[in-house]
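Number of protein chains: 2
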Amino acid sequence: MSNNTDAYVRQHQTRLLDELKDFLRIPSISTLPENKPDVERAAQFVAKSLQDAGLENVEIIPTAAHPLVYADWLHAPGKPTVLCYGHYDVQPPDPLDLWVSPPFEPVERDGNLYARGSADDKGQMYMHIKAVEALRAVTGTLPLNLKFLIEGEEECGGASVASYVEKNPQKLAADVALVSDTALYAEGLPTLCTGLRGLIYMELEATGPMRDLHSGLYGGAAPNAVYGLIELLAKAKDANGVIQIPGVYDDVVEPAAAEIESWQRLPFNEAEFLKKEVGSTELTGEPDRTVLERVWSRPTLEVHGIAGGFTAAGAKTVIPAKATAKVSMRMVPNQDPEKIIEAFKEWVKQNTPKGIVMEVRVLSSGSGLLVNPDHKAIAVAAKAFADVLGKQTVFVRSGGSIPIVGDFARNLHIPTILMGFGLPDDGLHSPNEKYRIENYYQGIMTIAHFFEQYGS
Amino acid sequence: MSNNTDAYVRQHQTRLLDELKDFLRIPSISTLPENKPDVERAAQFVAKSLQDAGLENVEIIPTAAHPLVYADWLHAPGKPTVLCYGHYDVQPPDPLDLWVSPPFEPVERDGNLYARGSADDKGQMYMHIKAVEALRAVTGTLPLNLKFLIEGEEECGGASVASYVEKNPQKLAADVALVSDTALYAEGLPTLCTGLRGLIYMELEATGPMRDLHSGLYGGAAPNAVYGLIELLAKAKDANGVIQIPGVYDDVVEPAAAEIESWQRLPFNEAEFLKKEVGSTELTGEPDRTVLERVWSRPTLEVHGIAGGFTAAGAKTVIPAKATAKVSMRMVPNQDPEKIIEAFKEWVKQNTPKGIVMEVRVLSSGSGLLVNPDHKAIAVAAKAFADVLGKQTVFVRSGGSIPIVGDFARNLHIPTILMGFGLPDDGLHSPNEKYRIENYYQGIMTIAHFFEQYGS
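Protein sequences appear in the order of chains A and B.
In this text, residue positions in the first sequence follow this note's numbering: the first is 2, and each later residue adds one.
In this text, residue positions in the second sequence follow this note's numbering: the first is 2, and each later residue adds one.
Bound conformation, chain A alone (with noise of 0.2 Å):
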């Protein structure tokens, strides 16, 4: 049967990229304003599809910001239900001109996609609804319940979801959530990742003087914006990456002896990874810390942007008034966010320089997660990656973070498997982001497998 779902997706392979091309040229960046219509346009894309593939009880749902889209097929009693997830939105494409073809007109180069979204979430959650029309297809009828719940605010907070999780566990209700968000380990190579990293998203600003002042009069006396911040920020990490912040690491939960042994099995190359992937001249943070480890089971802070003063071409002289930086925690399974950002508030407090006012605004937060790799879900999701793949399922984690599987947890108890078909290199929230074409079709019949076997 799974041999037939194969042999529809290399049938039907350009007609189901023509459709995902479709997909991707609705730009549509959940956190720019100026973009909601677009946002608007492709939750509809998304109801149409599902609607197509078969899925019943379509509906684009309303909420504060993104409207969700549901859909279910409920036709297989005594079967397992599977809860799919994924995102319709997507991250805003600057700096421009580093991309090489405009960021929503996908075109195929090397056997990949370009365009933003294809693999972050846009070409991912799309397979989920591509297998379903596979079996449709092939079948007549799906091999266990499903229900879908697409978001659109995946790269802006989640807010509308996880509230809308909270409020309807009944509706939700299912043995296992699917999500395809994640990367293989290395091309070709089968991997679930069986852990996450949660994420704090915060704005500071730091107000010195009332107005810009000019920095040749009041040079040496009057507070700067800017220069108020950076002392801050500097003090938050020491000079190997090590987070001063009091109690960021009183919760930190170290991985399994176990754990740790078979990431040092994965083929990964440090070299490789600074040149190829990292491109700068050497690696950072903790120097007793595998880069895995680093990248996978330790904390981080990290500066997303900071802006503040004249930054146009020439010179302007000023102590400026204000200054503002994006400023995010990754936190490892076990930590609370409440508890890391009262931390970092009282830290800011108490090393906030003279003369400088500092406000913090927290945008998210969301806990790391763990997932236990015996569950029988996962062990078949495993079995069916490694079937369309031919090689054996490593098990990984991912310093990311997918707050939906936390809400999944704590609301409708059940776990999540992590079964992405990104690759390393795809750039995702960068410029030239793409999705290999060939993990599109693998990941159809992967979930195909994955639906039959899951359901026999």
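Be careful, since some hints might not be right.
Repeated chains share a single entry, so a pair holds when one copy, or any two copies, can fit it.
Restricting the straight-line Cα-Cα distance to at most 30 Å, the calculated cross-link-like pairs of lysine-lysine (BS3-like) are [as the list claims (entries may be wrong)]:
#1 Lys355 with Lys377
#2 Lys276 with Lys49
#3 Lys277 with Lys323
#4 Lys276 with Lys350
#5 Lys49 with Lys168
#6 Lys236 with Lys323
#7 Lys276 with Lys355
#8 Lys37 with Lys392
#9 Lys355 with Lys49
#10 Lys384 with Lys350
#11 Lys236 with Lys346
#12 Lys323 with Lys340
#13 Lys80 with Lys350
#14 Lys377 with Lys37
#15 Lys350 with Lys277
#16 Lys172 with Lys392
#17 Lys340 with Lys377
#18 Lys350 with Lys377
#19 Lys323 with Lys276
Rather than coming from a laboratory, the hints here were simulated on the basis of the structure.
Dock chain B against chain A, hints included.
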């Protein structure tokens, strides 16, 4: 005779103000390429004003950037020659939303004229021209020889005028230069400035990874260009504002005890300075120095602007690949800019964080300067000032930089009279820059008195 020029100013004051308003309406922002035509127009306005006032040999001198305007009147054999300098270019007006009235639509409010350039320096340089007009209208001639050199690049480095002065010492030969680009120490208090700080203006560019990276997937191991820049700059000063770059204080000459004492007699009120001028919670800087020392006779390091990563509304979780900052150092007399630039570059090399490549670009540099208050022209200027304002003239320094004063000293071997009529709260380089209208009139009168007394 002087009383007659005073009367002339009073009689024509409405027209004298209207003409200045026309000048201020030209947005001659020298640092912005898009305003080049406006800068041209301002040069033509100056040339016509000089012509109309009776100056001769009026020339608009093209340069690599913005034109110089020259004029002279040399029909007083045996009398001294004064070289009048000023600038017709202005700083950018941003942040625009903080202006009460538009920056290039001059508006009178509470005895002040509000517009970008009203005090710095259009309103002040224009007084020189109007003093010539008044003297010629009242006496039919001029009491001494005059040369005018007006530039359009003072706010963006002044490269053209510096090279012109260096190449034309004969043409510009004079006994003394007159510059009105400073402020009265307090309203109604005649003030001559005898010292200026120099300025080195630099751009720093930090490069981390080869592209913006996902902070979840790489955070903890990849260098962050914004954070690298922050880390470096935070090391440049300690918490008291003491510059940490080796050698920076080596050549600093302390002011004479008598000068420091005279500063202590000035009507300086630290609480008012903090509240009305700076408007922050407290002042910063070297605790063992008075505020006037900090802003007049101590070197500074300031960050004027910083930009990098994602700074629009909302959240984006990138590790930025690039970040830039505009950084300046103010230098006191006797410090050598070249030596300080070398020290800064070496310090950057030694302190650049791991994984970051840092580029330093020097946009401009000029030394600090002291003027001998015993020079004859200075004494005459002090008397003319006292005559018109009715109080004894005080001698102060300015923490600002007027690089041309150094060029005149070096190439023409003449001192410069810094006779400015601004006020400390004029908001130079800030939103809502203003010039007190009465100071404009008194300035024209004082300059006419000075020309007359110096020529007699």
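Evaluation of the provided hints:
1. Lys355 with Lys377: neither (57 Å within a copy, 45 Å between copies)
2. Lys276 with Lys49: Neither way: Lys276 and Lys49 sit 43 Å apart in one copy and 62 Å across, limit 30 Å.
3. Lys277 with Lys323: between (38 Å within a copy, 18 Å between copies)
4. Lys276 with Lys350: This pair counts as between: shortest inter-copy Cα distance 22 Å, intra-copy 39 Å.
5. Lys49 with Lys168: within (25 Å within a copy, 75 Å between copies)
6. Lys236 with Lys323: Result: close both inside a copy and across copies, 19 Å intra and 21 Å inter.
7. Lys276 with Lys355: between (41 Å within a copy, 15 Å between copies)
8. Lys37 with Lys392: neither (42 Å within a copy, 65 Å between copies)
9. Lys355 with Lys49: Neither. Shortest intra-copy (57 Å) and inter-copy (50 Å) distances fail the 30 Å Cα cut-off.
10. Lys384 with Lys350: Neither, since 52 Å and 53 Å both go past 30 Å.
11. Lys236 with Lys346: This pair counts as both: shortest intra-copy Cα distance 14 Å, inter-copy 23 Å.
12. Lys323 with Lys340: within (28 Å within a copy, 32 Å between copies)
13. Lys80 with Lys350: neither (55 Å within a copy, 65 Å between copies)
14. Lys377 with Lys37: neither (40 Å within a copy, 71 Å between copies)
15. Lys350 with Lys277: between (40 Å within a copy, 26 Å between copies)
16. Lys172 with Lys392: Answer is neither: 37 Å inside a copy and 85 Å across each miss the 30 Å cutoff.
17. Lys340 with Lys377: Neither way: Lys340 and Lys377 sit 34 Å apart in one copy and 70 Å across, limit 30 Å.
18. Lys350 with Lys377: neither (48 Å within a copy, 56 Å between copies)
19. Lys323 with Lys276: between (37 Å within a copy, 17 Å between copies)
Consistency with the previously given hints fails for numbers 1, 2, 8, 9, 10, 13, 14, 16, 17 and 18, ordered from lowest to highest.
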